[in-house]
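Asker: With these hints in hand, go ahead and build the complete structure from the sequences.
Here the protein sequences come in this chain order: H and W. Every letter in the first sequence is one number past the one before it in numbering that gives the first Met the number 0, and letter 318, counting from 1, is 317. Every letter in the second sequence is one number past the one before it in numbering that gives the first Met the number 0, and letter 365, counting from 1, is 364.
Where hints are given, some of them may not hold.
Heads up, simulated DMTMM-like pairs for lysine to aspartate or glutamate below, C-alpha to C-alpha not over 25 Å straight-line [as the list claims (entries may be wrong)]: (1) W:LYS399 - W:ASP280; (2) W:LYS326 - W:ASP250; (3) H:LYS160 - W:ASP250; (4) W:LYS334 - W:ASP389; (5) W:LYS399 - W:GLU446; (6) W:LYS422 - H:GLU55; (7) H:LYS160 - W:ASP389; (8) W:LYS445 - W:ASP306; (9) W:LYS367 - W:ASP301; (10) W:LYS366 - W:GLU278; (11) W:LYS422 - H:GLU48; (12) W:LYS175 - W:ASP490; (13) H:LYS9 - H:ASP303; (14) H:LYS160 - W:GLU446; (15) W:LYS326 - W:ASP270; (16) W:LYS445 - W:ASP309; (17) W:LYS334 - W:ASP71; (18) W:LYS423 - H:GLU48; (19) W:LYS422 - W:ASP490; (20) W:LYS326 - W:GLU278; (21) W:LYS175 - H:GLU30; (22) W:LYS367 - W:ASP381; (23) W:LYS422 - W:GLU446; (24) W:LYS422 - W:ASP309; (25) H:LYS227 - H:GLU216; (26) W:LYS422 - H:GLU30; (27) W:LYS445 - H:GLU30; (28) W:LYS423 - H:GLU30; (29) H:LYS160 - W:ASP270; (30) W:LYS272 - W:ASP63.
Keep in mind that the hints were calculated from the coordinates and are not lab data.
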Amino acid sequence: MGDLLRLVLKRLGYGLLTLLVVSILIFFAVEMLPGDVAEQILGQGATPETVARLREQLGLNQPAVVRYLQWLGGAVQGDFGISATSGDPVMDVIGTRFVNTLFLAAYAAVIAVPVAIILGIIVALLRNTIFDRVANVLTLTSISSPEFFLGYILILFLAVKANMFPAIANLSSGMDLGELLYRTFLPALTLVLVVTAHMMRMTRAAIIALLSSPYIEMARLKGVPPWKVIVRHALPNAWAPIINVVALNLAYLITGVVLVEVVFVYPGIGQALVDAVSKRDFPVVQACSLIFAATFILLNLAADVGAILTNPRLRHPK
Amino acid sequence: MSRKDQDLINRIAEGARKGRISRRDFMNYSAAAGLATAGATSLWTKSAAAAPQRGGTFRWGIHDGNTGDTHDPGTYVTRTMIFLGHTHRSYMTMINGDGSLGPDLADAWEANETASEWTFTLNPNASFHSGRPVTANDVVASFNHHRGDDTTSAAKALLADVEDIVADGEHTVTFKLTGGNADLPWLMTDYHFAICPANDDGTIDWRSGDGSGPYKIDSGEFGVQFSLTRHDGWHGEGAWFDNVDIIVLNDPNARQTALVTGDVDAVSQVDVKTMALLERDPNIQVFNVPSAGAITMPMFCDTAPFDNVDVRNAMKLAINRDEIIEKILFGAGTKGNDFHHSPAQPYWPDDIPQREYDPDQARALIKKAGAEGITVNLSTADSVSAGAVDMAVLYSEHAKAAGINVNVVREPNDGYYSDVWLKKPFTLVSWGARPTPDVMYTLAYKEGAAWNESRWVNDRFNELLLQAKAELDDSLRAEMYREMALLARNDGGTIIPFFNNFVYGARGNVGTPDELAASWESDGGRAASRWWFTG
Chain H
0 MGDLLRLVLK
10 RLGYGLLTLL
20 VVSILIFFAV
30 EMLPGDVAEQ
40 ILGQGATPET
50 VARLREQLGL
60 NQPAVVRYLQ
70 WLGGAVQGDF
80 GISATSGDPV
90 MDVIGTRFVN
100 TLFLAAYAAV
110 IAVPVAIILG
120 IIVALLRNTI
130 FDRVANVLTL
140 TSISSPEFFL
150 GYILILFLAV
160 KANMFPAIAN
170 LSSGMDLGEL
180 LYRTFLPALT
190 LVLVVTAHMM
200 RMTRAAIIAL
210 LSSPYIEMAR
220 LKGVPPWKVI
230 VRHALPNAWA
240 PIINVVALNL
250 AYLITGVVLV
260 EVVFVYPGIG
270 QALVDAVSKR
280 DFPVVQACSL
290 IFAATFILLN
300 LAADVGAILT
310 NPRLRHPK
Chain W
0 MSRKDQDLIN
10 RIAEGARKGR
20 ISRRDFMNYS
30 AAAGLATAGA
40 TSLWTKSAAA
50 APQRGGTFRW
60 GIHDGNTGDT
70 HDPGTYVTRT
80 MIFLGHTHRS
90 YMTMINGDGS
100 LGPDLADAWE
110 ANETASEWTF
120 TLNPNASFHS
130 GRPVTANDVV
140 ASFNHHRGDD
150 TTSAAKALLA
160 DVEDIVADGE
170 HTVTFKLTGG
180 NADLPWLMTD
190 YHFAICPAND
200 DGTIDWRSGD
210 GSGPYKIDSG
220 EFGVQFSLTR
230 HDGWHGEGAW
240 FDNVDIIVLN
250 DPNARQTALV
260 TGDVDAVSQV
270 DVKTMALLER
280 DPNIQVFNVP
290 SAGAITMPMF
300 CDTAPFDNVD
310 VRNAMKLAIN
320 RDEIIEKILF
330 GAGTKGNDFH
340 HSPAQPYWPD
350 DIPQREYDPD
360 QARALIKKAG
370 AEGITVNLST
380 ADSVSAGAVD
390 MAVLYSEHAK
400 AAGINVNVVR
410 EPNDGYYSDV
420 WLKKPFTLVS
430 WGARPTPDVM
440 YTLAYKEGAA
450 WNESRWVNDR
460 FNELLLQAKA
470 ELDDSLRAEM
480 YREMALLARN
490 DGGTIIPFFN
500 NFVYGARGNV
510 GTPDELAASW
520 ESDGGRAASR
530 WWFTG
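Answerer: As structure tokens, then:
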């Protein structure tokens, strides 16, 4: 177990280094965009005089490197600065947004992960039957279409034609959980459709790859029923690749939902990031990007830890 | 009651039926015709086309909102904040549905003879949502927010000729100008000039979101949604809805779907491409309102080849406006005539001949200028307006017939107005509606103006601009604006293909006045206080 802890710590250290590099890249990428926050705030109404005044107020007159180091100095102490456009602390701006995104991601994951894995097991069991083919074609179709298109299709049938669900997922405070789940069902369903195929196919492939192993043949020969062969004998050894894919898809649920948020007008962090980029609001862009990067780093770490825990050979190295 | 009075009452009632006059005017005229208030009230209720009803929660889906928005009126830039500003705050004056200027916070106003000093009297009933009455001090502080060296307000230029603003007692404010400006009361309708509560040190408290408008903000998140309830002490007429929800719907498809499914009651913008389809839905009304907003194509008058007036006029003759309005706007526009003065603005000269597509004459002018085979670059981007790049390509086809090669340069959407506009010699620009020709000409056509996008200098035009600005006689003023329009049309460096319409939509159960204000989108930004539910 000590090895595992050491591994986690080492990976977290690398993760922090990655975040530092990401923050540098993001800062200079925002710098390179044409126009700055002062010009974006004033829009078409900008005059050189007012832009200069606003730049001064926002502290944009200092060289870029100095501004980056100032930001970094705050960030290592947990202060991510204030939004250049609204003047509020960054954490206030994106806090609720991030919670919304996590909620939607969790909602989609709670449906998608069990469905994908169970479907994967079933199609592995019924491989090369009609059911297998149909499930594959359907899930591959949904993963191959852009998610905004899937969203529009769902809106067309479930909101406009059948009028079963609201077309926009606008949230207001004081909604109870039931209403929240109802209002956000369509965006969650869109995400489920997008991520299911990947996880299902990986489950199927991992299980089928094991089915030709001698120990599976042994199990069959001793008369174990096919479903038990898969669930009891194949699945435990297939966990590692499945966990990896699940982790990747969970990260995608958090970081890749911008289009779904736009289509369903869901106030998540992706929308906040797009708004901040269009306004060149560097502190908000930076915070959103770091959240995304941290999500990937942590989920990848979790996947590796999961793979180790499910594999006795890795758990007890000689 | 005499026969003449009866006639007058009939005419007033007719006006009310058609929504041409407001309830306040109706009452005044009726009183003048010798009708008692009670009688006038019942006549109003019977006449007005669909008498507005109180009640309901109005859900307004609005385009263009951003997480980075703030309540600072000096940096209002998104449509969401402009609409919210007109819903929870008040302005001094407002533009009515018929295009006339009416009172908001200011009950009355008058100028001295040279129009260099204006005195406004405030409505004594006006109060902020916090309960405090609106006083002259609040007005002074609110306007000072846009003035002085430290301001970052985008409206600073509009108040450049204001020398001093003085409060006289609780309800009187005097604006002292460096020169005459007959348009000052119109200028006050600019969306930046929202009145906010003053702090003791003369600044304003804009952060709290307190205002004196028809609705007060209960809760909200910038770029997402605002919930408002009626402010019972509001000084104005209207505010029929009990509650108003402003929901940011940036995606055109989301807006349209929400309107079709009834998730919202009205939307601030309908995509012109699907306008015709929406109109077929019996549950939806589509409003198509000609506006003073325009697309302009400025050419630098000091840069070859546009320094030659014949080349400029050839460029203007080489555009087929009808086809552009038909194919790019799907009919939702009014033909431009190369002067930046729209029929939706006051003093519009209606007798200036329309410039039509005439490639032969354009070719002749190019020949006269000795510029045959000329090639020019036209910079544009899709962020300018929907279909801006398509429009430029269409224009380049039109111009080809006149022997002019227009090379369309697609610029990045981001930073178009900081890096391309005013920097490249021939661009495509979108202008929001301005209330009066003076504001428009002063901003973008006056010599030395920061936004003189065509770098056009015409002495007679500049002279007339100053004269007209201070002229209080309406007919003289109209005559001056007519001459200026001709100068801009025949000598200026700006092609104006069209004035765009505001196209927005509502569910069938939303009642609106017969005339929707052309001054700004969404019934002058005041749909929330002017519209109602019919049932």
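Asker: Work down the list of hints and note, for each, if the structure agrees.
Answerer: Verification of the hints:
Note on LYS399 (chain W) and ASP280 (chain W): the hinted pairing is violated, with a Cα-Cα distance of about 41 Å set against a maximum of 25 Å. Simply put, LYS326 (chain W) and ASP250 (chain W) have alpha-carbon atoms about 22 Å apart, close enough for the 25 Å limit, and the pair holds. Of the pairs offered as hints, the one joining LYS160 (chain H) and ASP250 (chain W) holds, with about 20 Å between alpha carbons and a cut-off of 25 Å not exceeded. Of the pairs offered as hints, the one joining LYS334 (chain W) and ASP389 (chain W) holds, with about 18 Å between alpha carbons and a cut-off of 25 Å not exceeded.
Straight-line distance between C-alpha atoms of LYS399 (chain W) and GLU446 (chain W) comes to about 32 Å, which puts the hinted pair past the 25 Å bound. Using a Cα cut-off of 25 Å, the hinted pair LYS422 (chain W) and GLU55 (chain H) holds, with the two alpha carbons roughly 24 Å apart. In summary, the hint linking LYS160 (chain H) to ASP389 (chain W) is not supported, as the alpha carbons are separated by about 33 Å, beyond the 25 Å threshold. Of the pairs offered as hints, the one joining LYS445 (chain W) and ASP306 (chain W) holds, with about 17 Å between alpha carbons and a cut-off of 25 Å not exceeded.
About 19 Å separates the Cα atoms of LYS367 (chain W) and ASP301 (chain W), which keeps this hinted pair within 25 Å; it holds. This hinted pair does not check out: LYS366 (chain W) and GLU278 (chain W) have alpha carbons roughly 47 Å apart, beyond 25 Å. The suggested pairing of LYS422 (chain W) with GLU48 (chain H) holds, with an alpha-carbon distance near 17 Å, which does not exceed 25 Å. For the suggested pair LYS175 (chain W) and ASP490 (chain W), the alpha carbons sit about 35 Å apart, so the restraint of at most 25 Å is broken.
Annotation: proposed proximity of LYS9 (chain H) to ASP303 (chain H) holds, straight-line Cα distance about 13 Å (limit 25 Å). This hinted pair does not check out: LYS160 (chain H) and GLU446 (chain W) have alpha carbons roughly 57 Å apart, beyond 25 Å. A hinted pair counts as satisfied when its Cα atoms are at most 25 Å apart, and LYS326 (chain W) with ASP270 (chain W) qualifies at roughly 14 Å. Proposed proximity of LYS445 (chain W) and ASP309 (chain W) is supported: the alpha carbons are some 21 Å apart, at most 25 Å.
Only pairs whose Cα atoms come within 25 Å are accepted, and LYS334 (chain W) paired with ASP71 (chain W) is rejected, the gap being roughly 36 Å. Restraint check: the Cα-Cα separation between LYS423 (chain W) and GLU48 (chain H) comes to about 21 Å, which is no more than 25 Å; the hinted pair holds. Taking the CA atoms of LYS422 (chain W) and ASP490 (chain W), the gap is about 21 Å. The hint holds against a cut of 25 Å. Proposed proximity of LYS326 (chain W) and GLU278 (chain W) is supported: the alpha carbons are some 18 Å apart, at most 25 Å.
A threshold of 25 Å between alpha carbons decides the hint, and for LYS175 (chain W) with GLU30 (chain H) the separation of about 43 Å lies outside it, so the pair is violated. A distance of roughly 35 Å separates the Cα atoms of LYS367 (chain W) and ASP381 (chain W); the hinted pair therefore is violated under the 25 Å criterion. With a CA separation close to 17 Å, the supplied pair LYS422 (chain W) and GLU446 (chain W) stays within the 25 Å bound. Under the criterion of a C-alpha separation no larger than 25 Å, the hint pairing LYS422 (chain W) with ASP309 (chain W) is consistent with the structure, at around 23 Å.
Between LYS227 (chain H) and GLU216 (chain H) the alpha-carbon distance is near 13 Å, which keeps this suggested pair within the 25 Å criterion. Between LYS422 (chain W) and GLU30 (chain H) the alpha-carbon distance is near 21 Å, which keeps this suggested pair within the 25 Å criterion. Between the alpha carbons of LYS445 (chain W) and GLU30 (chain H) the distance comes to roughly 35 Å, so the proposed pair goes past 25 Å and is violated. Restraint check for LYS423 (chain W) and GLU30 (chain H): satisfied, since their Cα atoms lie roughly 23 Å apart, inside the 25 Å limit.
With a C-alpha separation of about 21 Å, the suggested pair LYS160 (chain H) and ASP270 (chain W) falls inside the 25 Å cut-off, and the hint holds. At roughly 18 Å between alpha-carbon atoms, LYS272 (chain W) and ASP63 (chain W) fall within 25 Å of each other, so this suggested pair holds.
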